[in-house]
Structures are given as C-alpha cells and as structure tokens.
Amino acid sequence: MAIMETKQSLSGRILEIQRMSTEDGPGIRTTVFFKGCPLACGWCHNPESISPLPQVQWVGVDCIGCGTCVAVCPKEALSMDGKGVHIDRERCSGCGTCAEECPSGSMELLGTAWDVDSLARELVKDRVFFEQSGGGVTLSGGEATLQAAFCHAVLERLTNEGIQTALDTCGQLSRRNFESLLPLLDILLFDVKEMDPKRHLHFTGRSNETILNNLAFAGAWAREHKHLQQFWVRTPLILGATATAFNIRSIGAFIAKHLAGNVDRWELCAFNNLCGDKYTRLGLRWDYAHTPLLSPEQMETYASIAKDSGVDPAIVFWSGTTLAGEGKRTATSANPDSDRQEASHGRGIAC
Amino acid sequence: MNEATALNYTIKEPSELSPRITWLRDYYFRGNERAWNNQFTAWTTGTPWDNLFNEITFYIVPETFLLLSPLSGSFLQSARKVPLHPEFWTWSLPERRAWFVKEVIVNQVPREILPGDLIAGARFNVQTSLCLNEREAKEWDRLVRGKGGARRQTKWFHDHGYGNAGATSGHLIPGHERLLTLGWKGIYADLMEKYGALDPQEKRGAQGSQLKAMITASTMARDLAGKYGARCREMAAAEDDAGRKKELERMAANLQGVPWEPPADFWEAVQTLWINHMLVMTDENYPGAGVSFGRLDQYLLPYYERSMKDGMDREFAKEILKCFWVHCNTAYDAMITNGHQGITAGFGQLLTLSGLGEAGRDMTNELTYVILEVIDEMSPILEPKPNVRLHRNSPEELLDRCVSMIETSQGAPFLLNFDERSMAGMIYQAEKTGLQHFINSENVHDYAPVGCLENTMAGNDRSGTVDNNINLLKAVELALTGGRDMLPFVDPLTGKTEKVRQDGPATGDPCRFTSFDEFWRAYEKQTAFIIQKCVDLYEVSESIRASYFPTPYLSCMVKGCAEKAMDVTQGGAEINFATMEAVTFATTVDSLLAVKYLVFDRKACTMADLIQALRDNWQGHEVIQTMAKNKAPKYGRDDDEADHMAKRVMDLWCTETWKHKTISTGRRFRPGMLSWNYWAGDGFIMAASPDGRPRGQFLSNAICPSNGADTKGPTANTNSVGMVLGGKAKDGGGHWKEYLNCLPNGASHTITFNPSILRDPEHRDKFKAFLRGYAANGGTALQINMLDPAMLRDAQRHPKDYRHLLVRITGYNAYFVTVGRELQNEVIERISHGKF
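Here the protein sequences line up with chains D and W, keeping their order.
Numbering of the first sequence is given in my numbering, commencing with residue 346 and proceeding in unit increments.
Numbering of the second sequence is given in my numbering, commencing with residue 14 and proceeding in unit increments.
Each hint should be verified, as a subset may be incorrect.
Said to hold, decoys possible - Listed below are the simulated DSS-like cross-link pairs for lysine-lysine, each with C-alpha atoms no more than 25 Å apart in a straight line:
1) D:Lys602 / D:Lys543
2) W:Lys750 / W:Lys781
3) D:Lys623 / W:Lys644
4) D:Lys602 / D:Lys652
5) D:Lys420 / W:Lys644
6) D:Lys470 / W:Lys750
7) D:Lys470 / W:Lys741
8) W:Lys577 / W:Lys207
9) W:Lys240 / W:Lys259
10) W:Lys94 / W:Lys151
11) W:Lys94 / W:Lys240
12) D:Lys428 / W:Lys644
13) W:Lys538 / W:Lys168
14) D:Lys470 / W:Lys743
15) W:Lys660 / W:Lys538
16) D:Lys470 / W:Lys781
17) W:Lys240 / W:Lys198
18) W:Lys198 / W:Lys577
19) W:Lys660 / W:Lys743
20) W:Lys660 / W:Lys750
21) W:Lys216 / W:Lys577
22) D:Lys470 / W:Lys660
23) W:Lys644 / D:Lys470
24) W:Lys160 / W:Lys512
25) W:Lys577 / W:Lys445
26) W:Lys644 / W:Lys660
27) W:Lys546 / W:Lys168
Claimed, not checked - Chain D stretches covered by chain W per the calculated footprint, using a threshold of three residues with CB under 8 Å from any CB of chain W:
28) 359-372
29) 402-411
30) 437-451
What the hints assert, rightly or not - Here's a subset of chain W near chain D, in silico, CB distances under 8 Å, partners left out:
31) Asn643
32) Lys644
33) Gly726
34) Asn732
35) Ile770
36) Ala789
To be clear, the hints were calculated from the coordinates, so they are not data collected in a lab.
Values in this document were obtained by computation on a predicted structure and should not be read as measured data.
Ideal placement from N, C-alpha and C gives every residue a C-beta, glycine not left out.
Please work from the sequences and hints to get the whole structure.
This is how it looks when you write it as structure tokens:
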C-alpha cells in the first residue's frame, strides 16, 4: 500500500503528449515525450528533450511584444529588442514564470510536471482509436526510462486499463530498470545507432556497451516472453556519422547473432534536417545544420546493405524525410507530419 | 519558392470516360460558352400584376438581398406570355399553379437531346408565374415587400447579426422509390380515389382544390415524356449512325412507358428517376438545392440486377449513370450568363450509398461499387453529391474503396455519414415528438441525408433543413450589453447609422456581475430571446408560402399530402419539422470560456475592460486579445472543462428550439448544425467576440472547433464533437443502442489531413481505423480534405493550374481557386491543426 501511494504521488517531467501519432509504432498512438536523455547525439532533432531540467523558449510567431515576460522574470534573465526576446541561459532557472504570464503563449516552458493520474486520464482518451487500429501509447523522449519509477507507474496503469503499451528507448538504462519495465510492454522500439564504441562515444557522449548488452538481453527476453508482440530495432542514418555501409553491416550482424527470429522490424530512419529552428530557439549551435537529406535511392541502397547483412530481409524497412531527384522533398516517402510537426513543435523519433 | 513546383502536385482528373461522356462532360465545363444551356426561362400569365419570382426561397442567401428586386423585375421583363385556359381564373390557386407549370414545361419549354445523351429531359429551370389573381397579388406584395413585410424583417435580422430564416424550397427526399414501384399511373389512381372519397362540400373546398391540382400535376411527367419520346423518334429517323439510331429508338421506347408505367429495367429506371427529379426543380422554380435522391444504390438495385441478368454490360450501366451525372450538373445553369453564377459550389442534389439495413445488416452491394466507380471516373465534378453511409461494421472493401478515392481527390469526392450517431438522433426526435409510428427501430435505417448531411426520412419527410440559421453568438453579445447591439448598424448603401435600441431582454449591466453564473443566466435569457426571434421571423415567410406558393407536383411525391389533401408547403408531409441550424457554435463556447477565464477565473481584466476591447474591435487591447486567443480554454481539444461548457451551450439552445412550433403549419422545431457559408459572411457583420476574434474574421463552422483551435489533432477533435452530441449512455440505453445524439438533423464536421497520412498501405490502414474510430466516438457526418498547405499556397499563386481543385467548405465542395481569398486562407490555416 505504501508503495502504491508513493507511485501515485510520483511526478514525471513531460515535454509533450502527441495524439494521433502515426509514426511511433503500430496503429494510431498517443506518444508521450519525456524530458531528459542520457545520450546527447549531435544530430538529435529533439534537442529540447536532452536536458532533464525544465527550459524556456521563445517562439516568436504569436508574440505581440508586450514585454510581460521581461517584467516578471525573477532572475532578470530576459531581454527584448527589435528581433524578439533573448534568454540568458546562465541566469534562467527554468521556473516558467514567464511562460505562465505570457499572454500569447510565445514563452513556452519545456518540461511540465504530470502526476500519474492526470497522465493516465489523458492517455486513455483515444482508446477507441487504439482498439480500431491496433495502436496504443508509446513512451518516448528524450529517454522515458530516465524517469524509470514514473514510467513504471504509468505503464502499470495503462496495462491495467487494457491499453497497448510501447517503449521507444535508446537502450541506455540499468538492467534492473529494464527488467522491471519489460513485463509491462507490448511493444519495444529499441534504437541502435552505431556499433563502434569509440565512434558511439564521439557521436553521443557515451559508449554503446550498456546499450548493446541491453539489446542482446531484450532479444533473449523476447524469446522467452511471447507477450511482447512487437520488437523493432531502429537506426538513424546520418551522413558523416552513422550512415556507413560498415556500420549497417555491423548492426545487422549483431541482430542476426543475438536477436534472430525475435525482431519484427529493423527500420532505417533517414536523417531529418527540419529541426534547425529548434536549436536556434534553445540558443544552441547545431553541427548537423548543413547535413543534407538522403535521397530515396540512397535509402534503398542502405536498405539493400541491411538486407544482405545476415538478417531476415523481410524485417528491413526504411522511413523518414528524403530528397527528391532534383533536390526537392518528395511527398511520397517524406516524413508525413513534417509540416504539422513543425507547426506544433512536434518531436521526431527519439534516435 | 521555385515556380516549377506548380507542376509537382497532381490534381484529380477524370478517367476511363468513353468519347460520349468525355464530350458531354467537356461540353458542360465550357460553361457560358455553350450554345445550349439550362438557364431559367420566364413565363407569365400576362396580367399587369403578375410576379414570377418567389423571393422568399432566397431569404436564407443574404448575398441575394440586394438582387431580389432586380431579379424579380428582370424575370418579369424577359417573360413570355402563356395562353391561358379559358377557365384559368375560376380555379383555386393550387389548380392554377399546377396547370400553369405543366403547360410551360410540356408545351412551351424547348425539348432537346444533347449529342450521345442516353437520358432525356434537358431544360427544367423555369420561373413561372405565381398565378396570383389581382387581389392575391396585392396581398402578397404587402406581406412580402410592404413596410414590416417579410423582406424587411429578414434583412433586419441579418443586418443585426442574428442570422437568417426563410421558407426555402428543395431540401427533402421525394418518394422516388414509391414512384418507381407504382409509376405515375399508380399515384394518379390513388389521387382519383382520394378525390372521389371526398364529400361534395370537401370537393368544393380546399381539400378538393388541392387534390385536383395534384391530379393535374401527376400527369405532367407522362406528358413531358411523351414529348421527349417523339423528339427521340424524330432524331432516330434522321440519324445516320446505326448505333446511335438504335439508342434513340430505345430511348423513345423507354419514354413511351415510363415514368407513367413502372420501369422494367435499369435504363428505364434511371430515365424515370431523372424526369421525376428534374420536375421537382421545375415545380418549385428552384434549381436543385437539396433536392435529394435518398438511397440510390438500394432502390435502383432490383433494376440493375434484372438488367444484368438480361445481359446488360456493366460498363453500359455506368454509361447511363454518367449521363445522369451530367444532367444533374446542368442545374447550375440557372443563372449561368449572369457572372458564372452557381458553378462554384455544390447545390446538393445528394445521393446516399451503403449504410445499415434491417437487423444491423450492411447494405453495401454491387451497385454501390458501380456508383463509386462512376463518381471516381467523373470526378472532379460537383453534382450529384454523394454521401456514403458508414457504420461500425462497414465492410473492409468499402472502406478501402473510399480511402483510395479520398487519396486521389483532394476534397473527398463524397461526404461521410455515420449511421449509429445519425440514427440515434432520428429515434430521439421521434420519441420526443410522438412520431414513433413513422420513425422507430424497425425503419430508422432507411433514413438518408438531404442536401449535405441533414438527416431525414425518405419520401414522407420535409423538415426544412436549412430554413432557420441562428447565430448563437448573438446571445453572448446581448448578454454583454444587456440586450442591445454592441455596435450600431450602419447601412452600407446610405451610410446612415441606426440608433441602438433595446432589442433583447434587459439582463442587467454585466459589469455588476460578481460571478460567471450571473453572466450565464443573462446568456440563457438572451438565447431564449434570439431563438424566439428566429421562430417569429420564420413564421412570416412560412405563412406566406403556405398561402401563396403551392407545389402540387412535389406534393404528389411526399407521403401524407394526398392523405391529408394538403400541400407539402402547408405541412402535408407525414414528418414535418422545421429545422433550426445553429451557426457559430464554437465561437460562442470559446467566448463564454474566455469571459469566464479572463474576467472571473484569472481576473486578467474587468468586464468593463473586456466590453471596451470588443467595442474597439480589440484595437489597443492586444494583451487581453492574445490571452483570449491563446490562453483561454477552447472547445475541440478533448479537454473536459471546455467541452463541458460546450455541452451546456448545446443543451440550452436545443431545449429552447424544441419549445417552438410554426403557427401556420404546425411544424415543430428541431435542432441541427450546418452553417453553409454564413460563418464566413456573418463574421463581417458580428462584432468582435470575447474569444479574441475581431470583427471581420470568420466565425466557427457548424460543429467544428474554432479555426485552428483543435491543437490536439483529429482524434481529440472527434471526441469533443461526439461528446457534445451526447456521447454514449453509460448504461447502454441510448437513443440508438448506446449512442446518444441531441441533433437529429445532424452536424457538419470537417477535418483536414495532410495527404501523407495515406502514403503507404500501413498508413492507409491507420486512416481506415480512424474512420472506424469516428463511427464509435464522433459525430453524424464528416467531410475530409486531403490537402497539403504548400499545394494550396501554390494554387493561390498559379490558379490556372488548379482550376479543378475541389475543397470541402461546410457540407459542400467548392473549386478552391474560385472562392474568395479570405476563405482560401482559412482553408489553408485549417489544415495544420496548428496554433492560432
């Protein structure tokens, strides 16, 4: 009973809840983007999800220049000029007073606190659509498991409600946490970025040792626990980083060796460069700002490398935003929600 | 952006059309360059007091107010005199009208067959004399155009932002199925018998007159078909091409039998349907708006099956239907030479496909798919307008077909109606008004939508589905002012400013209100007032129509009229509601939410500040305005607090609506939500609203959330809509199964998706699941736009490349490049589910 009460009073820091997501697992889903990630991938297109702390950002579209935010900031971290509102990140404590008082919603607090009850109430609202589509709820981020206890409580509630659950993880979590969460999952989306530990450290700030151990463990676990309905491995392909034939072959070999027969889908996700303004809003420089999109032909080539890497070729898919032949984005395989997501500051996959 | 991108988007094109249909379709789209058209021709009795134009039928189209006098005058000027029967002036008005309309269409209007056409019956748009004698004409003139007459009252109501009301033609489903089964000879025999059963006094009275008028009208289709048959024979004799000659001979043979005799095969059945349908438009002098077909794939099926058994080629069945499709579009020719009128937006000769049958059976059949193919191959084209009825167990194949059509057409080529929610509303209205003998769980599946999505029964129901359009927001305005207009009305023609008067009840100075509840009570009183005012206005035109505008031909096709010996315009139909359509629903809800949030909860401003901001159209009050827009709760996000307010607003205006009945015709009012284009136009009339909307910005559309307010996406939007309609009964005891629905007429709901949701089979499945989810949780009807905002912006820059791009507005399709720039921008804005 004491444990239950503790769980009820748990609070999670959530970046966004996206209803009718069609990209984070099977069917129609509600995806919860948690704030905070143990990795810091240079190409990350949800940079606002990396820090576990609340952050504020200014989105200028609706700003009427009233100066309320500057006036109410207890840390005097804000200033305004003809170009808009500037945030002194050294001073800003992320208290959110400016966002609370801003009349237009232009000052946004990234990372709001949710308790389990309120979140669960929100997540069951699309039950009918989940049932009709074979969908459910996906916990994503950031890295949801960084808030493992909260994650556990939410998954438990959803499972009791009969809602299909999915976790989209970067794999960087303790075995103990992983083991406690796995029984509550119907679907596991596991991101594997780079096989070379040194390159992985360079790209993400961490070695991939824990990640690969967890991946192999998940494979074994999936073999023994048939209630895990779907197990997807996802690999973001970034030019100048992960998008090498060697890396794809190595990941393929690992899947073939440790996960054979247990992975339902290995998805190669084309790099998405549509998030440059997110970095700007957070006052960050983005090393990948000028990295080009891949073409469908390139993605096909990578996919064929993946299919030859020893895995069952039927599990290989590719997705994401690509270039058209003449340098335009195509509508057919483009990220479907690119326009909408940009408009609502949406999140991409958590790779 | 690169100019060349104009070529990157594929707009739906017609396909698989035979040379015959290609020619007919192309010819149609040549518009006013055509040698042949179906423009109104005008016909007079030749009396100095004659009037041909029943302007009342246009009172719900405020754009025409300034044109009413010129139209009336020009029809009269161009009218040809019809030699009258020697006893004409001794007859009752219905008899005069029946004879005159028949004389005009059978003997005066030219009869043509277009090259290759398989269906006869071309010109039907006419303006015929109202057939009034001098005394009647004087009285009509006083009632309609006099001081305090219908026209002025209607204009006042509109100018002051209340909305509009008027007894409008069309908007029903005539009894086509019965006509196909009995033929006109069966109707004629029935009328003769009923007339014969009257006692001598009744025969001399109103009942006798009505039945005699209907008897005359019941031979109109026979006589016209005879004339067309003769024309076909002449053409056949002169035809060199053997194939065409045979077709014309067959058409002549068809017309010899039908529509007097019941049809024997598919071709005859479609020919019957066309003549019977087009003559409704002739009879009402009204080009088609809302004259709907009902469940076409159900009642034509026996004829289709019979002909297929007898060896008809499936493609030929489609060829017949495609000719029928072209005929329906010629309704738009009514005013084709005055400025391309009409061919921009759907008139709504609505047909219904699929849906539930007895015992929960799905009624999708082979003809459903044949008709869907016809729609797909003819699209983009506006008429007839299809509505596909879906339900929880609609077959996968039908959904696949619908989704693939949605994928290739930017505005879905059909509306979707959802059976469970719709039928719940129909049962509800029957239970509420004691009409269970006409609508009950045994027959409710035979309901069908009219016009766009207005649910009625077929063949015995005229519920005035577009006749009353009330701006709910007016009650918020009056609550804020204690019953006076927020802004004085300035006549745009004279520049004169009207004095503001105490029009509504004095509900007190809102600046003294200490709680939102007090404000709500004022809003309640003002809502009762505006609905009463609309009912009173409607009575004016309803009573004039009942006395002066009989439609005996249409009355023959509506069950109840012969039985009661009463015209359909007098309440002859078995089912006889007058529908009140609420406009500005979400703007009203969001405005109430904003008052509560700004003044009482958050105390961001005083009531006096807010009222001043509204009087100033928000100028100089941008901080409050932006809070109202961005911080106050909004309906449509599946947010319990906001949707609870929406439900409160819904329950209140519905309760007020059900209280009323027309005096002259005894029609009970029922609620619905369709806002045609009023939400756009009236946005320029109504003062700024507390939700942050300035005057000049559009109001919300039907049951949709305010433009851009649905930031939580389509599923949340759907849940909100289903919830305000009543949701589902917790104990399972709803109006239909567990479903509740407080709007029997139905509610228009539009959701725009980015086309990429259909980009591969996996995503198409997700979209199908969304539609099934909508059937479970959503409203009565859904329109889908599949539009990429980038494409629309491109269409604004290169309109010529997008001439046929159809988008859904509110229950109707419109060519994107022909709608105004503001409406275009609104459609673009609607797409992103983004922030304000």
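Hints, verified against the model:
1. D:Lys602 / D:Lys543: 21 Å, holds
2. W:Lys750 / W:Lys781: 23 Å, holds
3. D:Lys623 / W:Lys644: 23 Å, holds
4. D:Lys602 / D:Lys652: 14 Å, holds
5. D:Lys420 / W:Lys644: 24 Å, holds
6. D:Lys470 / W:Lys750: 21 Å, holds
7. D:Lys470 / W:Lys741: 14 Å, holds
8. W:Lys577 / W:Lys207: Distance of about 10 Å is within 25 Å: holds.
9. W:Lys240 / W:Lys259: 19 Å, holds
10. W:Lys94 / W:Lys151: Holds. W:Lys94 to W:Lys151 sits at ~20 Å (cutoff 25 Å).
11. W:Lys94 / W:Lys240: 21 Å, holds
12. D:Lys428 / W:Lys644: 24 Å, holds
13. W:Lys538 / W:Lys168: With Cα atoms ~24 Å apart, W:Lys538 and W:Lys168 stay inside 25 Å; holds.
14. D:Lys470 / W:Lys743: 16 Å, holds
15. W:Lys660 / W:Lys538: 17 Å, holds
16. D:Lys470 / W:Lys781: At roughly 19 Å apart (the allowed maximum being 25 Å), W:Lys781 and D:Lys470 satisfy the hint.
17. W:Lys240 / W:Lys198: 17 Å, holds
18. W:Lys198 / W:Lys577: 20 Å, holds
19. W:Lys660 / W:Lys743: 17 Å, holds
20. W:Lys660 / W:Lys750: Answer holds: W:Lys660 to W:Lys750 is near 21 Å, not above 25 Å.
21. W:Lys216 / W:Lys577: 13 Å, holds
22. D:Lys470 / W:Lys660: 18 Å, holds
23. W:Lys644 / D:Lys470: 22 Å, holds
24. W:Lys160 / W:Lys512: 19 Å, holds
25. W:Lys577 / W:Lys445: 23 Å, holds
26. W:Lys644 / W:Lys660: 21 Å, holds
27. W:Lys546 / W:Lys168: 13 Å, holds
28. 359-372: With 5 residues in contact (Cβ-Cβ under 8 Å with chain W), the coverage given for the segment 359-372 of chain D holds.
29. 402-411: holds (count 4)
30. 437-451: Check passed, 3 qualifying residues.
31. Asn643: 4 Å, holds
32. Lys644: 6 Å, holds
33. Gly726: 4 Å, holds
34. Asn732: 6 Å, holds
35. Ile770: With a closest approach of 6 Å, the W:Ile770 hint holds.
36. Ala789: 5 Å, holds
Hint check: no violations occur; every hint is consistent with the structure.
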